[in-house]
Amino acid sequence: MQSHSESKQWATADAVEAANYRGKARSRPEARTAPFYKALEGMPITVDAFRFGKIEGCRGYFLTHFHSDHYGGMTANWNHGPIYCSVTTANLCHTHLGVDRQWLRPLPMEVAVPVPDSGGVMVTCIEANHCPGSCLFLFEGPQTSQLLSRNHASPYIGTGKIFRYLHCGDFRASPVHTNHPSIAGKKLDIIYLDTTYCNPRYCFPAQDQVIEACAELVRRIVPEAQLEANRAAVKTEGEAEDWTVAPPRRTKNSIDTNSASANAFKGWLSTKVENADGTLSALPLPSISRDSSFNDLKTEDASDTASVKQEETQDDDLNYDDEEFFYGEQRDDFPDEDPVDASEDSPAPRVKLEPSEDALLDFQADLKAEPPVTDAIQQEIKAEVKAEEQVSTDIKPDASADTKPASNWLAKHSESSRDAVSTTRRRDGGRLLVVIGTYTIGKERIVKAVARAMHSKIFCMDSRKYRVYAQLEDPELHSMLTRSPSAAVHVTNLHAINGEGLRDVAAALRTRGHDFTHAVAFRPTGWTYKPPAGMDTVSPSLDRLIQWNQGRTFGCQNLYPTRDSTPDYMIYGVPYSEHSSFFELTAFALSTRYDRIIATVNVGSPASRAKMAKWFEKWMLEKRRREKNGLGELEARAVTYW
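If you read the sequence shown in UniProt numbering, its first letter stands for residue 1, the second for the next number, and so on.
Just so you know, the hints here were simulated from the structure itself, not pulled from any lab data. For clarity, every value in this text was computed on a predicted model and none was experimentally measured. Among these hints, one or two may not hold up.
Label-pair ranges, simulated between beta-carbon atoms [unchecked claim]:
#, residue 1, residue 2, range
1, LYS186, GLU56, 40 to 48 Å
2, VAL113, ARG596, 21 to 29 Å
3, ILE162, ASP117, 17 to 25 Å
4, SER605, GLU224, 48 to 56 Å
5, ALA31, LYS186, 50 to 58 Å
6, GLY23, LYS54, 15 to 23 Å
7, TYR156, ARG219, 52 to 60 Å
8, ARG231, ARG26, 52 to 60 Å
9, GLN102, GLY23, 29 to 37 Å
10, LYS628, ALA31, 48 to 56 Å
11, ALA11, ARG219, 52 to 60 Å
12, VAL113, LYS54, 22 to 30 Å
Where is the CB? At the ideal position from N, CA and C, for every residue including glycine.
Using the sequences provided together with the hints, build the complete structure.
Listed below in structure tokens is the structure:
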């Protein structure tokens, strides 16, 4: 249950956020007011609060990672104060937003460093297991000032008492976090928690198991001859190619840009608009100039980025050369799980896409300590897990997919005939193309796993992606990249993947001499996950939820194609997220010592906050029960997951 003071803080936050959508605050960040959870209690520090412009008294603006729902409001004109973030995030802020390096303060990982002018606060960056460059911030220090909600100022300001706050930003919780030497066994006063999936409906499988499932599916279906050819091609390309240099511009006469293949790309990758006569037409693709080669990224001169604009507005200015035009795609500047406008001129954006209200859990009004799991219940859970794992290896359509099928192939075929697309079936010949949807930054782990399984290089369908990847501290990824579309693994926009487009892109590649005969696409996002039928997703027993999640596994037999798939072109929704599942949030809370949790996502309504607050209380009750019964922390199944 929330304290009276916290309830008042949230009421104030509702009022100021409502005002941020009205009048001049819609277009002027300096007229907006940040809600209390954007500033650390009693410290002159804010986290992911750039859309509010200059915050009076703030001595350090911290950025957890480079997704636009977190850096929104930051532009090349930023001059409000120092920005603290990881090295990778600092590089992306400079090269993609044009932020002057004089304002960037890249922080080392795993080292406690002082925050200047903060009154003695130390900060440690901890890997967040989210996107590259993302980090948790562990703050330790005294309370010296109250930036926001001054009517609710802490009574400990000026007392010298040391407080410990863990700001999670966006993270995928794992035992690596709770076993971290700065966290394990040490009390945290406040956890600012990523509550994107604080809903028992979203207990998706362990990340490592999902990654391996995708890699295993590809291993089973890629033709043996292609594997051997890929191995040879990787060795040759690795010796000859520098992917950081864009290919030379082709002459207009070297390709018929009005060809069917070029139009196929346009139809898939462009945004369609309705004409006055009611017909649909595609907007022109963005263009990019040869200046987008990586040579300009190797300099530190501020003048190189003076004209850099936010990715949100680049589409109007870019000038594709011929190769990049042909393989370009629509805007690839997606934040996390939901696109938002990071422009400083926009009104306060949403933080995350919330599940629909009817999908959210409907909590019981009263909270009670969970009863222990009996032997009978344990046997029942084991039976449920066993039944869940005994899934037919025949691929079944995702009945709830929201994409309109391009053919009725799956509907026409009987259950017994679906072995044509079984994950265990390998073709004797042909060449497989694998397309993986990603955000501007994120999902790299699944891309690399699939590329390793195929012994393939990785081609980026939008050349701007190379500019992003160049900033990442990931030598393995860099060694896999290529500018050649002959690579068997292609990376594209997560929101661009659909059945018709997959067929068109393979056909267009064939017209250019790349002999792909069939294709698989992965659409990895946590929103893909759907709980098993009969699972209590409203108010489950925590004991039962823990037992079920720790007893199940996930393999390639659990991946199902969407309804717009065909035998030659399969699209798989993959329950892969770089946010914590509800089970992982539960395990994290049960394995951490803390006084208070403040939600940072899905906090836009009192109803949503109340539902999460009840789970916070349940976690605390379960912690006390486990401590009383000598159960200790939740046992992990592996180093990286519970």
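Now the hints, each set against the structure:
Between LYS186 and GLU56 the Cβ separation comes to about 33 Å, which falls outside the hinted range of 40 to 48 Å. For the hinted restraint 21 to 29 Å between VAL113 and ARG596, the CB-CB distance of approximately 25 Å keeps it satisfied. At roughly 18 Å, the beta carbons of ILE162 and ASP117 sit within the given window of 17 to 25 Å. For the hinted restraint 48 to 56 Å between SER605 and GLU224, the CB-CB distance of approximately 55 Å keeps it satisfied.
Taking 50 to 58 Å as the suggested C-beta distance range, the pair ALA31 and LYS186 does not conform, at roughly 40 Å. At roughly 18 Å, the beta-carbon separation of GLY23 and LYS54 lies within the given 15 to 23 Å, and the hint holds. Take TYR156 and ARG219: their Cβ atoms lie about 57 Å apart, and the range 52 to 60 Å holds. Range check, ARG231 to ARG26: about 56 Å between beta-carbon atoms, so the 52 to 60 Å window is met.
The beta-carbon spacing between GLN102 and GLY23, approximately 33 Å, falls within the hinted interval of 29 to 37 Å. Between LYS628 and ALA31 the CB atoms are about 51 Å apart, so this pair conforms to the stated range of 48 to 56 Å. ALA11 and ARG219 have their C-beta atoms about 54 Å apart, which keeps the hinted 52 to 60 Å range intact. About 24 Å separates the C-beta atoms of VAL113 and LYS54, a value consistent with the hinted range of 22 to 30 Å.
Consistency with the previously given hints fails for numbers 1 and 5, ordered from lowest to highest.
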